Amino acid sequence: MSQNYLKVKGLSKKFGNVVALNNFSLEVARGELVTLLGPSGCGKTTALRLVAGLERQDSGTIFLESRDLTLIPAHHRNMGMVFQAYSLFPNLTVAENVAFGLQMRKVDRSARIKKAHELLDLVGLDSQSARFPHQLSGGQQQRVALARALAFEPEILLLDEPLSALDAQVRSNLREEIRRLQLSLGTTTLFVTHDQEEAMSISDRVGVMNEGRLEQIDTPDDLYNHPKNVFIANFVGLMNQVSGTKTGKSVSVFGANLKVKNEVVTDGRVLVYIRPEFVELECTESDADAKVISRLFLGSVSQVICQLNDGTIVHSLLSSRMSAEFAPGIRVKIRVNEDEVLVSNG
Amino acid sequence: MSLVVQESGKANSGAPSTRGATIHPALLTFIPLLPFILIFGFFFIYPIAALVYVSFLSNENTFTISNYVTAFSKPYNQGFWNSVKLGLLSALMGAIPGAIAAYFLEIKGSVKIRRVIAALNGVLANTGGVPLAFMFTAALGIQGFITVALKYVGIDLYANQFSLATFSGVLIVYLYFQLPLMIIVFSPAITSLRKEWREAASNLGASRSKYWRHVGLPILFPSFLASFLLLFASGFSAYATVNALTVGNFPLTPLQIGGLLDGNVSATQLHLGKALGVVMIVISALAVVPYLLIQRRVARWTS
Ligand SMILES: Nc1ncnc2c1ncn2[C@@H]1O[C@H](COP(=O)(O)OP(=O)(O)O)[C@@H](O)[C@H]1O
Ligand SMILES: [Mg+2]
Chain A
547 MSQNYLKVKG
557 LSKKFGNVVA
567 LNNFSLEVAR
577 GELVTLLGPS
587 GCGKTTALRL
597 VAGLERQDSG
607 TIFLESRDLT
617 LIPAHHRNMG
627 MVFQAYSLFP
637 NLTVAENVAF
647 GLQMRKVDRS
657 ARIKKAHELL
667 DLVGLDSQSA
677 RFPHQLSGGQ
687 QQRVALARAL
697 AFEPEILLLD
707 EPLSALDAQV
717 RSNLREEIRR
727 LQLSLGTTTL
737 FVTHDQEEAM
747 SISDRVGVMN
757 EGRLEQIDTP
767 DDLYNHPKNV
777 FIANFVGLMN
787 QVSGTKTGKS
797 VSVFGANLKV
807 KNEVVTDGRV
817 LVYIRPEFVE
827 LECTESDADA
837 KVISRLFLGS
847 VSQVICQLND
857 GTIVHSLLSS
867 RMSAEFAPGI
877 RVKIRVNEDE
887 VLVSNG
Chain B
8 MSLVVQESGK
18 ANSGAPSTRG
28 ATIHPALLTF
38 IPLLPFILIF
48 GFFFIYPIAA
58 LVYVSFLSNE
68 NTFTISNYVT
78 AFSKPYNQGF
88 WNSVKLGLLS
98 ALMGAIPGAI
108 AAYFLEIKGS
118 VKIRRVIAAL
128 NGVLANTGGV
138 PLAFMFTAAL
148 GIQGFITVAL
158 KYVGIDLYAN
168 QFSLATFSGV
178 LIVYLYFQLP
188 LMIIVFSPAI
198 TSLRKEWREA
208 ASNLGASRSK
218 YWRHVGLPIL
228 FPSFLASFLL
238 LFASGFSAYA
248 TVNALTVGNF
258 PLTPLQIGGL
268 LDGNVSATQL
278 HLGKALGVVM
288 IVISALAVVP
298 YLLIQRRVAR
308 WTS
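For the protein sequence lines, the chains are A and B, in the order given. Per my numbering, the first sequence starts with residue 547, numbered consecutively. Per my numbering, the second sequence starts with residue 8, numbered consecutively.
These are calculated hints, taken from the structure and not from any lab test. Here the structure is a predicted model, which is why all the values come from computation and not from measurement. Please note that a few of the clues may not be correct.
The list that follows gives simulated cross-link-like pairs (lysine to aspartate or glutamate, DMTMM-like), each with its CA atoms no further than 25 Å apart [unchecked claim]:
| no. | chain 1 | residue 1 | chain 2 | residue 2 |
| --- | --- | --- | --- | --- |
| 1 | B | 217 | B | 206 |
| 2 | B | 217 | A | 699 |
| 3 | A | 774 | A | 744 |
| 4 | A | 553 | B | 206 |
Put together the whole structure using the sequences plus the hints.
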């Protein structure tokens with residue numbers, strides 16, 4: 547994918563003396579769904595609002611292909627935005643809300659109402675078109691907001707935690723629906739969330755943010771398997787942290803010597819980061835590393851939770867068939883099924 | 008629904024065998040409301056009914072409409088006209104600048120400024136009657152300090168027939184409490200405007216003015232109308248301020264009623280005063296009609 551549709555370069559933004567965004571750069575290809583993921587307060591919303599034009603950057607540029615949007619006001623940017631909640635106009639019907647963008651673009655009444663019905667049909671709410679927003683559930687309201695943001699065929703769709711106010715079931719349904727719509731309409735989309743499962747499940751690429759900076763942007767697979775640093779490793783997916791001893795480019799943990807992926811760590815006692823699926827267990831009587839404390843059955847796989855002799859908790863992800871023997875109380879030996887690991891001085 | 012009613016009916020029809028006496032279920036729901044109904048009847052329905060009754064009595068306590076004939080002729084018809092005009096004008100002159108002031112205070116004002124203004128408004132909106140009239144007389148009366156100070160610099164307020172006892176004089180004094188009152192009652196409506204609506208509108212391509220036309224003003228309008236009505240009512244019926252300011256001889260209905268009921272009252276005066284009161288009630292009730300009409304439309308989109 548050539549990543550040159552939306553080009554954001556060196557955006558910085560301070561609120562008073564709080565640095566909300568620090569030299570933030572991002573490129574998004576046409577038709578791509580990119581998610582900004584990060585803990586609360588890391589600057590995700592600020593990044594999105596700068597792209598939308600709802601906030602003015604201190605420095606940096608925003609381009610859409612060759613068009614410089616940096617100084618263009620929000621209402622001329624042609625970007626559809628879905629907010630966290632409560633953004634529908636309460637005095638307009640559902641259909642009027644969806645048609646609003648077209649009305650502002652002077653599309654005549656019959657054409658815009660027709661388009662509104664089309665979009666409402668896409669999100670499964672055409673039957674509600676004559677109702678008012680307060681008569682809909684939270685999930686329905688967000689669907690309408692999505693239809694409204696798409697109705698005028700925006701250059702970019704911007705979503706700021708659109709699912710965070712909804713309950714779990716509605717949330718996972720709607721996130722699949724957003725992805726389905728996005729793919730079928732081919733709308734270039736920038737999605738913001740603090741929920742890593744949400745980010746990993748629907749994105750072409752995920753950008754992990756921390757303290758106003760973009761730490762790493764990659765496909766969900768690469769991000770999970772090749773996190774650039776410890777922050778990302780911890781933030782994306784479940785990660786074990788156990789202590790080991792580092793000498794030069796290798797680290798010894800659970801009696802094995804593994805290669806160290808990251809360099810800037812001093813020798814001696816370090817924390818070693820291992821994914822649960824690389825932790826293998828073996829029943830033993832004599833030289834046990836840990837004791838099983840519980841086993842969570844998750845269907846085809848199970849998670850076995852062990853406690854090391856020093857008290858550290860280690861998660862192991864095994865096929866349910868293989869994990870059946872690891873009942874609570876059983877003593878086990880741990881083997882790491884990975885050659886290269888991330889370490890830190892903890 | 009009907010099922011629940013049937014069941015509660017059944018439960019009650021079963022009661023006599025164990026208890027002896029039974030109370031109809033409809034009556035049961037009525038009992039908790041009784042204190043309210045009593046108070047409402049005693050302090051609201053009864054006085055109005057008595058007022059209406061007396062307003063139709065002649066000197067000999069027979070039925071007559073002559074009180075109303077008098078009420079609608081000079082000088083009382085003028086009193087109504089002046090009172091309505093004063094109510095409307097002081098409401099309009101308070102409501103529009105007050106609404107704009109409320110907007111800038113709530114949206115642009117700092118927390119500190121908002122707090123100071125709110126405290127000030129609380130005092131000003133409740134300053135009425137004799138103290139307010141005294142304040143204005145002390146400032147802008149013939150011997151008021153501003154009048155005197157202006158005379159020193161060569162401006163004679165009273166050369167141009169200015170007087171606090173005229174219609175425009177009274178209007179100015181009324182604004183003194185109408186404006187703060189508007190800011191107080193209208194501010195909550197302003198704060199109920201969500202930032203998301205403004206931002207969503209601009210995202211969807213609406214300029215600032217289009218946001219106001221299609222979203223902001225339609226949402227604020229019912230509250231504006233309700234606030235306007237409140238201001239109208241307070242201007243229409245204010246008595247003490249204008250009484251003190253004009254020494255009671257200004258053709259406004261509340262003053263005329265006061266004059267009729269003051270001192271040695273003849274039956275004719277008493278009955279006429281009551282008739283004027285009834286007309287005031289009718290005018291106030293009519294003023295609520297446009298609000299109710301708007302409210303019915305708005306009820307569809309508010310929860
Ligand atoms: N309007 C604002 N005024 C002051 N500080 C703000 C404002 N918006 C955001 N911030 C601050 O900027 C930082 C980043 O905020 P935000 O972009 O909302 O983070 P996120 O969406 O990732 O939770 C936070 O520390 C936040 O407190
Ligand atoms: Mg946010």
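Results for each hint:
For the suggested pair residue 217/B and residue 206/B, the alpha carbons sit about 12 Å apart, so the restraint of at most 25 Å is met. Among the hinted pairs, residue 217/B with residue 699/A is consistent with the structure: their alpha-carbon atoms are about 20 Å apart, no more than 25 Å. A threshold of 25 Å between alpha carbons decides the hint, and for residue 774/A with residue 744/A the separation of about 20 Å falls inside it, so the pair holds. The hinted pair formed by residue 553/A and residue 206/B meets the criterion: a straight-line CA distance of about 23 Å does not exceed 25 Å.
Violated hints are absent here; each numbered hint is respected by the structure.
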